[in-house]
Amino acid sequence: MSSAPLTATPAPLLPANKPKSAAPQHPLLSHLPHCTSLRGLAQLHAAAVKAGLAAHPALVTRLLTLCTGPGAGPAHLAYARQVFDRVTQPSDAVWYNTLLRGYARSSSSSSSSSAAAVRVFVRMLEEGVAPDTYTFVSLLKACAARVTFGRADGDCVVSYNAMIAAAVRSSRPGEALVLFREMQAKGLNPTPVTVISVLSACALLGALQLGRWLHDYVRKLGLGSLVKVSTALVDMYAKCGSLEDAIAVFQGMESRDRQAWSVMIVAYANHGYGREAISLFEEMKKQGMKPDDITFLGLLYACSHSGLVSEGLRYFDDMKDHGIVPGIKHYGCVTDLLARSGQLERAYKFIDELPINPTPILWRTLLSACGGHGDVELGKRVFERILELDDSHGGDYVIFSNLCANTGYWEEMNRVRKLMSDKGVVKVPGCSSIEIDNTVHEFFAGDGRHPKSQEARKMVDEVIDQLKLVGYIPDTSHVFHVEMGEEEKAISLKYHSEKLAIAFGLLNTAPGATLRVVKNLRVCPDCHSMAKFVSMVFNRRIILRDLNRFHHFERGICSCGDYW
DNA sequence: ATAGGGTTAG
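At position 524 of the first sequence the residue is numbered 1276 (this note's numbering), and the sequence of numbers has no breaks.
The set of hints was computed from the structure by calculation and includes no laboratory data.
Any given hint might turn out to be false.
If you anchor each label on the Cβ, the simulated ranges turn out as follows [claimed, not checked]:
{"id": "1", "residue 1": "S1062", "residue 2": "A798", "range": "39 to 47 Å"}
{"id": "2", "residue 1": "K1179", "residue 2": "A867", "range": "31 to 39 Å"}
{"id": "3", "residue 1": "Q1206", "residue 2": "D968", "range": "47 to 55 Å"}
{"id": "4", "residue 1": "D1070", "residue 2": "R933", "range": "41 to 49 Å"}
No more than 20 Å apart at the CA atoms, straight line, and that leaves these computed lysine to aspartate or glutamate pairs for DMTMM-like [claimed, not checked]:
{"id": "5", "residue 1": "K972", "residue 2": "E1006"}
{"id": "6", "residue 1": "K1038", "residue 2": "D997"}
{"id": "7", "residue 1": "K1037", "residue 2": "D1009"}
{"id": "8", "residue 1": "K1081", "residue 2": "D1069"}
{"id": "9", "residue 1": "K1204", "residue 2": "E1214"}
{"id": "10", "residue 1": "K1081", "residue 2": "D1104"}
{"id": "11", "residue 1": "K1204", "residue 2": "E1194"}
{"id": "12", "residue 1": "K1038", "residue 2": "E1063"}
{"id": "13", "residue 1": "K980", "residue 2": "D1009"}
{"id": "14", "residue 1": "K1072", "residue 2": "E1028"}
{"id": "15", "residue 1": "K1037", "residue 2": "E996"}
{"id": "16", "residue 1": "K1038", "residue 2": "D1009"}
{"id": "17", "residue 1": "K1175", "residue 2": "D1189"}
{"id": "18", "residue 1": "K1037", "residue 2": "E1063"}
{"id": "19", "residue 1": "K1037", "residue 2": "D997"}
{"id": "20", "residue 1": "K1246", "residue 2": "D1213"}
{"id": "21", "residue 1": "K1220", "residue 2": "E1306"}
{"id": "22", "residue 1": "K1038", "residue 2": "E1028"}
{"id": "23", "residue 1": "K1081", "residue 2": "E1129"}
{"id": "24", "residue 1": "K1175", "residue 2": "D1143"}
{"id": "25", "residue 1": "K1042", "residue 2": "D997"}
{"id": "26", "residue 1": "K1072", "residue 2": "E1097"}
{"id": "27", "residue 1": "K1175", "residue 2": "D1142"}
{"id": "28", "residue 1": "K1038", "residue 2": "E1006"}
Beta carbons are placed, not taken as given, at the ideal position from N, Cα and C, and that holds for glycine.
Kindly generate the complete structure, drawing on both the sequences and the hints.
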């Protein structure tokens, strides 16, 4: 990404707060507007310093702008910082803001940039320079969290866009929607950027109805011809469970960039259509579009989720031919591909021999496959590898302890459970949501947080009774609280969050309406089985998005083919 | 002169 490395050190600058209009126009400075290369600018800078023009405001501004602009790498940002630091009194907010923009841009790749940005902001206040909307917006992006310094300009669309985007990036989609409604109430018109961010919030929430409303809005404003807007729509529809709509938008696009293709490939992958993802990838190449690292990630993801082992391994090899170096996520997909298909030892060896350090996530992938295949011996080795790297993840203890329980290793199971409580590790509570009439209802496993959960529980009781009549048998093998009696286990299982959400949906929607449920964890085998029965007995389509993928239940079968 | 956006393993 970054262009020519910069080796020059900026010369010390004189105080810069003299009247700009009084500065004489030197021939060197007339080159400034035409100078676009960073290397050329560094040379110009050196020449200007020699000519005694070091602190010329136009020079400083141009240097800062270029070194914080698109294509500028960490070296350029460091150079900008040096230039900035040598201006003894940067009285102009623009210079602070430009430097902040550099930290904002690098915030996705560098974790230290948010702290650096805050320090610049503090220094700005100390120097008595008033921050403005530009300051606020860049700071917001650099820190990727709610900024507590107050809002710069509540009537500025860009401010709202920045706040909405920050909420989405830090996984607070509900807050993004609140901000969106607030800006509309103020009469501010959303821009394409707003629409893209809000669509992304819908995708996170699974809020299909709001997403459809935004789609209408896009049509009304004629924004559908913008590739990025359409791509966001494809992503939203896919993540809200409507693959049909995602396909329709994708096929209706006049032009598609690489990202549009990648999004559609990931969409197919998420819904378990591995073959379709592969043929889309081949189509993309045929049309002369070059796949990038993310395209391949989607493709490998598609293969692993559809059990297409040899295809996935072949595409993994193909990455080299495209000049793409596999990253940790690609390795993660291959691990999943091998492990899920039962090649557990091979997956272990694969992780162990990686050219880069594996993250706990890779081992976690394998551990979960060990659980699925009942390999307690390898599971134990993997579990220990995880603990060396991260012993704070509740899910690991749960998977391994269930694996021990299901294979009869009770002593080991007790040891793991004790370890978990000694370390104070907690398991993430299951939470499922369902959108009904533009309202998202959330249910947590077992508890009564939702005002309607009593109602939902009663409905679950009735539903389960009906399902039992046609052969549904609760499968308690994945209940974590294994020390409980069978009856207790059945009760705990009965009120899993997805069951509550499904029951609530049955109660509050018209007969035959599709139920769309979003869950924060992977669906458990019993809930999966229950959903299959519900789709048959109540004649409902159920579209369940879990942590990994979509399950489409219809007439008693699931689109994942029970492979998930 | 300086500000905002979608895809990414489990």
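**OP:** Run the structure past the numbered hints and jot down the numbers of the failing ones, going up.
**Re:** Result: hints 1, 3, 6, 14, 15, 17, 19, 23, 25 and 26 break, sorted rising.
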